[in-house]
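Colleague: Going line by line, the protein sequences match chains G and X. Position 159 (the first sequence) corresponds to 159 in our numbering; numbering is contiguous. To convert, count from 1 in the second sequence and add 1000; that's our numbering.
What the hints contain is simulated information worked out from the structure, not anything from laboratory work. For every residue, glycine included, the Cβ atom is placed at its ideal position computed from N, Cα and C. The hints are all genuine.
Example chain G residues on the side facing chain X (calculated, C-beta under 8 Å, incomplete):
(1) R28
(2) R33
(3) L34
(4) L65
(5) V66
(6) T104
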Amino acid sequence: MIDLAGHQGADCVAVTLAGAVSCTRTTRARNMRLFPKIGQSIYADDEEAMLTLIEDTSPGPHGLLVPPCDPTMYRLRGAGCAHPSCHDNFHNALARKGIRLGRTPPSICLFQNIVVDEAGAIAIGINTSKAGDRLKFRIDRDLVLVVSACPNDVFKRPPLQLTDLEIAVDITEAT
Amino acid sequence: MLALRHTTLVSYTLSVSQTWLEIVRAGSRIDVTAHGPGVGAAIFAWSLTDPYEQLSDAYTFMELRRARPSVGDHLYSTLRRPMLSLERDDADHGIDLLRHDYWWPRDKCRDALVEEAKANGIASPLQCDWPYALNIFARTRIGESGDLIDDPVATTQGTRIELRTRFDVVVAMMAAGTVSPAIDVLVDPA
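Generate coordinates for the entire structure from the input sequences, incorporating the hints supplied.
Modeller: Right, here's the structure in full:
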């Protein structure tokens, strides 16, 4: 997962055809971390690993706490509920694969600049990833991975812009 | 256990692994009181009119911008609405949103509570969309490098947490701990 221009967020959810869904709470609890470190995994709600982080060139910290942006958030922030959102991106992409979820799982927020201090205060700032920063995961089981290049421009100000992500999948080691 | 729609104050005593599920009207107060050390409960909630509007750790983090709710804070639903308010917390940050399955495996709670909801004719989410527990009388500390550290709550007889419902909800709990009975649940209707 490559942030081509820098400062761009990548919100992800993973779903198996058997119905297991990536789970931020399970992931936090299994790793006893706010976000996995190298060698730790993203877990599904069935407690099985889905993705294992094997490389991270970004400054992080990445997020497993907050939900994806959604129409309600944009409406409440004055941007209108028709604003594109990771919430809608997830459901639309999954629907194209014939998968329908009754709820929206909290997303794996790659490159998100979310910091929690020891008193528990949560601060979300502009992402600090630079052009070319990347995370590499090993896929631990067959899954549908949805990645949304986060369209949240409410807090971004020029010269920062919404930019592209590159997703490279290496299938040479798959069995 | 029957799920009742009360108009007067009612209380229940829950033994370890016993469940409670109830329609609680807007504005009601829910007290959870410990019977001794090492007890707690997994708590779930969803809207009476929409089982997919659920009590959510993620939306609470987003709206509060804090990992640990304090007295006066709301706990939010997946539609970003205040669902419960925390009005008393003898346990000092005694509601844990950071970890699930602190007290019980999710499946154990879900299977028991789905059956209880069904037996009482209360609409609940499908099993695949079952909400995640918040943990009462549990606490997780955050280390400086993002590590999560277990920080047990020192409950004693009478340690209490009070919540108030912001709209009509279904609230479900499973009691846990090393002392049985573990907790009392009191509902004071609006």
